[in-house]
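Undergrad: For this one, chain P is given, so just place chains E, A and Y on it according to the hints.
Listed below are the residues making up each chain.
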Amino acid sequence: MTVSVQTEDFNAAAEIAALIAGRTDVGAVVTFTGVVRGDNGGRDLVAMTLEHYPGMTNAELEAIEAESHARWPLQASRIIHRVGELPVGANIVLVVTCSPHRHAAFQAAEFLMDYLKTQAPFWKKETFADGTSRWVDASDGDDAARLRWTQTSGA
Amino acid sequence: MTVSVQTEDFNAAAEIAALIAGRTDVGAVVTFTGVVRGDNGGRDLVAMTLEHYPGMTNAELEAIEAESHARWPLQASRIIHRVGELPVGANIVLVVTCSPHRHAAFQAAEFLMDYLKTQAPFWKKETFADGTSRWVDASDGDDAARLRWTQTSGA
Amino acid sequence: MAETNTITLRYFAWVREKTGRAEERVSLSPSVQTVAELLAWLKSRGPEYADAFARPGVIRVAIDQRHVKPDTAIADAREIAFFPPVTGG
Amino acid sequence: MAETNTITLRYFAWVREKTGRAEERVSLSPSVQTVAELLAWLKSRGPEYADAFARPGVIRVAIDQRHVKPDTAIADAREIAFFPPVTGG
Numbered sequence: 001m002t003v004s005v006q007t008e009d010f011n012a013a014a015e016i017a018a019l020i021a022g023r024t025d026v027g028a029v030v031t032f033t034g035v036v037r038g039d040n041g042g043r044d045l046v047a048m049t050l051e052h053y054p055g056m057t058n059a060e061l062e063a064i065e066a067e068s069h070a071r072w073p074l075q076a077s078r079i080i081h082r083v084g085e086l087p088v089g090a091n092i093v094l095v096v097t098c099s100p101h102r103h104a105a106f107q108a109a110e111f112l113m114d115y116l117k118t119q120a121p122f123w124k125k126e127t128f129a130d131g132t133s134r135w136v137d138a139s140d141g142d143d144a145a146r147l148r149w150t151q152t153s154g155a
Numbered sequence: 001m002t003v004s005v006q007t008e009d010f011n012a013a014a015e016i017a018a019l020i021a022g023r024t025d026v027g028a029v030v031t032f033t034g035v036v037r038g039d040n041g042g043r044d045l046v047a048m049t050l051e052h053y054p055g056m057t058n059a060e061l062e063a064i065e066a067e068s069h070a071r072w073p074l075q076a077s078r079i080i081h082r083v084g085e086l087p088v089g090a091n092i093v094l095v096v097t098c099s100p101h102r103h104a105a106f107q108a109a110e111f112l113m114d115y116l117k118t119q120a121p122f123w124k125k126e127t128f129a130d131g132t133s134r135w136v137d138a139s140d141g142d143d144a145a146r147l148r149w150t151q152t153s154g155a
Numbered sequence: 001m002a003e004t005n006t007i008t009l010r011y012f013a014w015v016r017e018k019t020g021r022a023e024e025r026v027s028l029s030p031s032v033q034t035v036a037e038l039l040a041w042l043k044s045r046g047p048e049y050a051d052a053f054a055r056p057g058v059i060r061v062a063i064d065q066r067h068v069k070p071d072t073a074i075a076d077a078r079e080i081a082f083f084p085p086v087t088g089g
Numbered sequence: 001m002a003e004t005n006t007i008t009l010r011y012f013a014w015v016r017e018k019t020g021r022a023e024e025r026v027s028l029s030p031s032v033q034t035v036a037e038l039l040a041w042l043k044s045r046g047p048e049y050a051d052a053f054a055r056p057g058v059i060r061v062a063i064d065q066r067h068v069k070p071d072t073a074i075a076d077a078r079e080i081a082f083f084p085p086v087t088g089g
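Protein chains in written order, with this note's numbering: chain P, 1 to 155; chain E, 1 to 155; chain A, 1 to 89; chain Y, 1 to 89.
So that you can see chain P by itself, here it is in the shape it has in the complex (with noise of 0.2 Å):
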């Protein structure tokens, strides 16, 4: 369980090696990774800034990794969230989840993004080709998807 902000980019595969080195017992592991997209509602978008609450972000990326590990039958996670300017077609998050099956490395995965999403305190401001900005507003979807989780076992 390891939780990381930082501007520097990552490298998927050896955040998945660094998670399983040395153990005999992970036999799945999941991975998402966001990404800046360019084609942000129709307009040219040039750079995505993303700022943070330091201190924080930490605390609570922790929790909900923390959450995770107390829901399904995880051995190692890890989440790394890029902060400052990213280019389109740059890396934002990642998340690794890593346990005995796959059904428990999916749903963990898909949870911890659901509530980082929701909960943990970053915000993203859109820099457009015609010089414009404007913050990105939260989404209806990303709450609907948090509350799932509250609605099931998520077993």
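Because the hints were derived from the structure by calculation, they are not lab data.
It is possible that some hints are incorrect.
FRET-style restraints, in silico, Cβ to Cβ [claimed, not checked]:
{"#": "1", "chain 1": "Y", "residue 1": "Thr34", "chain 2": "P", "residue 2": "Gly42", "range": "53 to 61 Å"}
{"#": "2", "chain 1": "P", "residue 1": "Ser4", "chain 2": "E", "residue 2": "Ala17", "range": "14 to 22 Å"}
{"#": "3", "chain 1": "Y", "residue 1": "Arg45", "chain 2": "E", "residue 2": "Glu8", "range": "36 to 44 Å"}
{"#": "4", "chain 1": "E", "residue 1": "Gln151", "chain 2": "Y", "residue 2": "Ser29", "range": "36 to 44 Å"}
{"#": "5", "chain 1": "P", "residue 1": "Ala129", "chain 2": "E", "residue 2": "Gly141", "range": "45 to 53 Å"}
{"#": "6", "chain 1": "Y", "residue 1": "Gly20", "chain 2": "E", "residue 2": "Leu147", "range": "30 to 38 Å"}
{"#": "7", "chain 1": "Y", "residue 1": "His67", "chain 2": "E", "residue 2": "Asp39", "range": "26 to 34 Å"}
Heads up, incomplete: computed chain E residues facing chain Y, CB under 7 Å, no partners named [stated by the list, open to error]:
{"#": "8", "residue": "Phe10"}
{"#": "9", "residue": "Gly34"}
{"#": "10", "residue": "Glu51"}
{"#": "11", "residue": "Ala59"}
{"#": "12", "residue": "Val93"}
{"#": "13", "residue": "Lys117"}
{"#": "14", "residue": "Ala120"}
{"#": "15", "residue": "Trp123"}
{"#": "16", "residue": "Lys124"}
{"#": "17", "residue": "Phe128"}
{"#": "18", "residue": "Gly131"}
{"#": "19", "residue": "Ala138"}
Cβ coordinates follow ideal geometry from the N, Cα and C atoms, glycine included.
TA: Positioned in the frame of chain P, the structure of chains E, A and Y alone reads:
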């Protein structure tokens, strides 16, 4: 959309990079990696040997991949399955899905794994530390996992 | 009864841009007991605050780096942060 | 009516190990019309086949590299494969 059956290892990050290279519309990438576990049924596993049905395997994987693209808005995907003798800790299978949105990428990756595990002609033989070996039995849980997708829209 | 509580206020994303500052230290009147009362007081502090806190319902609040609700008591908070709904990931 | 159909049979995993061969070419009698009839005929071919096909219900069959069911007609199949339920992934 590409599938590979190979003895060589794979690198999840390199596969992700190849799928999204030159694209600006991918927002979510999910990978699943299956790994040889050493603790199978309480006995010490030393290797897993993967046999397959050349000719049928690729066609079956391509059919499964095409079905996933029919069900979800995927922009790219990749299936790599290794064959031959694999030691504990080795990668067995990689599935990668790319979509504008995370839920589709998660669902499609889980669908691909559930179908691959029940439809693609691969067979696992376990070799234990005491020199004995046995063919892995198919899992009822895998059949149940696949049947989920025939009962819902999957979207 | 007359003692004041000096705390750090922090602003993020468009709340920061509208107030024109990332953080400040303020002394709160003892009459400001809850998050909702603090939001109402902030809104009264000038045009830039009136703009930032025009719709208090969309502002999220964290006390000492934990999410709180409008009826949460400020009590002996050291740091209170104000920000829009989060949009990371 | 007396013509025979020569096809390739392929065996995988423990079906291959029990029959002792990976593939063979056979001429089928016209009376063998379906997959189930073929499985019954195979079982009668000797002790190693009797062992491999002792429980035909657990054997999966593919005709020309597509999954088929016991009542599927063999028709003009070129290649028929027999294997246990798959366990990849």
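Undergrad: All hints are to be evaluated individually against the structure, with a verdict given for each.
TA: Structure-based check of all given hints:
| no. | hint | verdict |
| --- | --- | --- |
| 1 | Thr34/Y to Gly42/P: 53 to 61 Å | holds, 57 Å |
| 2 | Ser4/P to Ala17/E: 14 to 22 Å | holds, 20 Å |
| 3 | Arg45/Y to Glu8/E: 36 to 44 Å | holds, 39 Å |
| 4 | Gln151/E to Ser29/Y: 36 to 44 Å | holds, 42 Å |
| 5 | Ala129/P to Gly141/E: 45 to 53 Å | holds, 50 Å |
| 6 | Gly20/Y to Leu147/E: 30 to 38 Å | holds, 35 Å |
| 7 | His67/Y to Asp39/E: 26 to 34 Å | holds, 32 Å |
| 8 | Phe10 | violated, 14 Å |
| 9 | Gly34 | holds, 6 Å |
| 10 | Glu51 | holds, 6 Å |
| 11 | Ala59 | holds, 6 Å |
| 12 | Val93 | holds, 5 Å |
| 13 | Lys117 | holds, 4 Å |
| 14 | Ala120 | holds, 5 Å |
| 15 | Trp123 | holds, 4 Å |
| 16 | Lys124 | holds, 5 Å |
| 17 | Phe128 | violated, 16 Å |
| 18 | Gly131 | violated, 17 Å |
| 19 | Ala138 | holds, 3 Å |
Figure legend: structure checked against the earlier numbered hints; hints not met, in rising order: 8, 17, 18.
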